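Quick mapping for you: the protein sequence lines, in order, are chains A and B.
So that you can map any letter, position 91 of the first sequence is 145 in this note's numbering, and since no number is skipped, the others follow by simple counting.
So that you can map any letter, position 89 of the second sequence is 108 in this note's numbering, and since no number is skipped, the others follow by simple counting.
No lab work stands behind these hints, which were simulated from the structure alone.
This list has only true hints and no planted wrong ones.
As a list, the in silico EDC-like pairs of lysine to aspartate or glutamate whose alpha-carbon atoms are at most 16 angstroms apart:
| id | chain 1 | residue 1 | chain 2 | residue 2 |
| --- | --- | --- | --- | --- |
| 1 | B | Lys59 | B | Glu103 |
| 2 | B | Lys57 | B | Asp104 |
| 3 | B | Lys72 | A | Asp151 |
| 4 | A | Lys57 | A | Asp151 |
| 5 | A | Lys163 | A | Glu65 |
| 6 | A | Lys57 | B | Glu63 |
Here the structure is a predicted model, which is why all the values come from computation and not from measurement.
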Amino acid sequence: DAKTTQPNSMESNEEEPVHLPCNHSTISGTDYIHWYRQLPSQGPEYVIHGLTSNVNNRMASLAIAEDRKSSTLILHRATLRDAAVYYCILRDYNNNDMRFGAGTRLTVKP
Amino acid sequence: DTEVTQTPKHLVMGMTNKKSLKCEQHMGHRAMYWYKQKAKKPPELMFVYSYEKLSINESVPSRFSPECPNSSLLNLHLHALQPEDSALYLCASSQRGGTEAFFGQGTRLTVV
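Required output: the full structure, derived from the provided sequences and hints.
Right under this line is the structure:
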């Protein structure tokens, strides 16, 4: 599986937007870009995924670079409940491999 | 039903015990996963089943034995574990790589 690189940690103020970057320079044409987050003492939960185009859902937006070598998860208004570890994962459409990188620990300050 | 259910939530076992972790999903997903997660670390892939067949085994010690009896159920049999095997064990399911995966809340295992 292709590898992703994320900052170890980021901080945000409550009610401000947060941009979480992910680099995936060795991405292949069949890799989907997935984001999951893990709140303390819980299993990971799905946030959003995309292939080439930017994506929006009720939780977040995903901005994908034109060359697909990087992406950014956007939380439009961070809340204290968004404090979690955010994982960017590449998942090949053709197989079931799903591996986590180190992720970014997001702290939200009131 | 979009849940992955793991039982038990907590387990304490001795090094000579045999126990099993159970994972269940009813979303029709054909891929099921076991992960091990130590504190402050990302989940580490252990096993993947695809259509009830083991497709990925990440060189996990034989004291961990997975089993997929049917498309909804995944077990992890534990035998002669070591204290360093104490961790959160997570189960997940999904369809193919282009779709979202669902995770259970995990079993917190302590080996004494």
